[in-house]
Amino acid sequence: MNKLPLLLRINGEMHDVLVEQYWSLLHVLRDVLGLTGTKENCLEAECGVCTVLLDGKAVNSCILLAVQCRGRDILTVEGLGRPGNLHKLQQAFIDYGAAQCGYCTPGMLLVAKSWLDEHPGVVPEPDAVREAIAGTLCRCTGYQKIVDAICSAAARVQEPG
Amino acid sequence: MAFQVHQPETVEEAIRLAGEFGPDAGFLAGGTDLIIQINRKRCAPRHLIALGGIDGLSGIELHTHEIALGALTTHKTIEQSPIFEGPLAALTEAACVVGGHQIRNVATIGGNVVNASPAADLLPPLLALDASVVLVGGRGTRRLSIAEFLRGPGITDRSDDELLVSLALARPPRRAATAFIKTGRRRAMEIAIVCVATLLELDDAGSCRTVRIALGAVGPTAMRMPEAEHALLGCEPTQAALREAGRIAAACCAPISDVRASADYRRMLVQALVPRALARCLQRIEVSRQ
Numbered sequence: 000m001n002k003l004p005l006l007l008r009i010n011g012e013m014h015d016v017l018v019e020q021y022w023s024l025l026h027v028l029r030d031v032l033g034l035t036g037t038k039e040n041c042l043e044a045e046c047g048v049c050t051v052l053l054d055g056k057a058v059n060s061c062i063l064l065a066v067q068c069r070g071r072d073i074l075t076v077e078g079l080g081r082p083g084n085l086h087k088l089q090q091a092f093i094d095y096g097a098a099q100c101g102y103c104t105p106g107m108l109l110v111a112k113s114w115l116d117e118h119p120g121v122v123p124e125p126d127a128v129r130e131a132i133a134g135t136l137c138r139c140t141g142y143q144k145i146v147d148a149i150c151s152a153a154a155r156v157q158e159p160g
Numbered sequence: 000m001a002f003q004v005h006q007p008e009t010v011e012e013a014i015r016l017a018g019e020f021g022p023d024a025g026f027l028a029g030g031t032d033l034i035i036q037i038n039r040k041r042c043a044p045r046h047l048i049a050l051g052g053i054d055g056l057s058g059i060e061l062h063t064h065e066i067a068l069g070a071l072t073t074h075k076t077i078e079q080s081p082i083f084e085g086p087l088a089a090l091t092e093a094a095c096v097v098g099g100h101q102i103r104n105v106a107t108i109g110g111n112v113v114n115a116s117p118a119a120d121l122l123p124p125l126l127a128l129d130a131s132v133v134l135v136g137g138r139g140t141r142r143l144s145i146a147e148f149l150r151g152p153g154i155t156d157r158s159d160d161e162l163l164v165s166l167a168l169a170r171p172p173r174r175a176a177t178a179f180i181k182t183g184r185r186r187a188m189e190i191a192i193v194c195v196a197t198l199l200e201l202d203d204a205g206s207c208r209t210v211r212i213a214l215g216a217v218g219p220t221a222m223r224m225p226e227a228e229h230a231l232l233g234c235e236p237t238q239a240a241l242r243e244a245g246r247i248a249a250a251c252c253a254p255i256s257d258v259r260a261s262a263d264y265r266r267m268l269v270q271a272l273v274p275r276a277l278a279r280c281l282q283r284i285e286v287s288r289q
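If you read the protein sequences in the order shown, they are chains A and B. To convert, note that position 42 of the first sequence is 41 in numbering that gives the first Met the number 0; the numbers rise steadily by one, no gaps. To convert, note that position 258 of the second sequence is 257 in numbering that gives the first Met the number 0; the numbers rise steadily by one, no gaps.
Looking at chain A on its own, in the form it has when it is part of the complex (with noise of 0.2 Å):
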């Protein structure tokens, strides 16, 4: 089938790639335009690792078409933060050593992001973060520092970028 131009705005840059249709946003993340950061894993949109955030809103990118991503403005972990201004929730998860392999930890944060977002000068209970991040699994089960980091973040003043 003939590819398709699409211009994809990501991280705040638009980016013109050509797609099959039935391309996941996920594959032209990772391995149209080597943003690997998101990751890959379940493609069943069971284990989170592949959250990215669409409109600001958590989403599965294994389970979403590029093709429906047109226009709309999506944020990766490549976005979240860079080394010397990193994200609060970044620097929460260094704080509490949050990260253990690693592999789930872009999809904790965006999923995070997200529901700090929706809950804006919320102080979560852990119980609600354990609810928020239900979708994300961690496989090394690093759950505690997790959630601490989450709460933690949710206290702190972002720090201006």
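Treat each hint with caution, since some may be false.
As the list claims (entries may be wrong) - With the C-beta cut set under 10 Å, the calculated list includes, among others, these residues of chain A facing chain B: (1) LEU3; (2) SER23; (3) ALA44; (4) GLY47; (5) LEU63; (6) GLN67; (7) GLY106; (8) SER113; (9) GLU117.
Rather than coming from a laboratory, the hints here were simulated on the basis of the structure. Here the structure is a predicted model, which means the values were calculated and not measured. Note that beta-carbon positions come from the ideal geometry of N, C-alpha and C, so glycine has one too.
Since the structure of chain A is already known, use the hints to place chain B on it.
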């Protein structure tokens, strides 16, 4: 996996495309089920008609006697909308236990209904709220109740060229409350073992004027339990009466044994959860009177 994606901007165009491609086409809403089924090679549509570009398929409209929900309304929108507090609480309670946040942000109410899974979380509350679906197709628009729409596991009354555009909920009566309870092995990301939705309305004397009991995952479709409802009508909602309704519902439902639970266990859950959901309705009616 290779399909062509069409992105119509109007309902008419979507229906025309569906009519043209017939069984080779599928409507794509949130895609949280369809894309997975395609990836698993359980279905192989050659054309996907993506609905996201059509204005007017999402959003909630309040009318005098009913509430219209666009087919593309997401579970998250239902979860967060204050409209569903109070007597419509069962719908919110069901929406917020579907998948994780990532799923609820894209999965739509129309998709959940059209999929017609016997275990779909939104169907019991929609049955308890006496919801209708509005279908638009090549031969015009028709409206039918959810119960008429659901024909079997994954089977509905919709024809290939019909699009479910909205759902209509009758506004519940003044002194009514609803409740939803789901059981699974964990509290999130689960396909229900059993789910129960109830609506209860009391008359001035405190007897049951309206009773609706709907169950999921214990039959070929989500379904109402008329025998259990009739047993309560006109009665005082005592604990014993609620338990009797649970016993009747457990006897009348038609569960199967599968990987998630045995039929016997499902019946035990129905017997326990129907009275619990009804008691929750009673509590809510009590609270709303204060």
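Status of each hint after checking the structure:
For LEU3 of chain A, the interface hint holds, the least distance from its beta-carbon to any beta-carbon of chain B being 9 Å, beneath 10 Å. Against a cut-off of 10 Å between C-beta atoms, the interface hint on SER23 of chain A holds, since the closest Cβ of chain B lies about 8 Å away. Look at ALA44 of chain A: its Cβ gets to within about 6 Å of chain B, closer than 10 Å, so that hint holds up. About 6 Å separates the beta-carbon of GLY47 of chain A from the nearest beta-carbon of chain B, less than 10 Å, and the hint is met.
Interface restraint check for LEU63 of chain A: the shortest CB-CB distance to chain B comes to about 7 Å, inside 10 Å, so the restraint holds. Given hint, GLN67 of chain A at the interface with chain B, holds; its Cβ is 6 Å from that chain's nearest Cβ, closer than 10 Å. Among the interface hints, the one on GLY106 of chain A holds; its C-beta lies about 9 Å from the nearest C-beta in chain B, closer than the 10 Å criterion. Annotation: SER113 of chain A was flagged as interfacial toward chain B, and the flag holds, the nearest CB pair being 6 Å apart, inside 10 Å.
For GLU117 of chain A, the shortest C-beta to C-beta distance to chain B is roughly 8 Å, which falls under 10 Å, so the interface hint holds.
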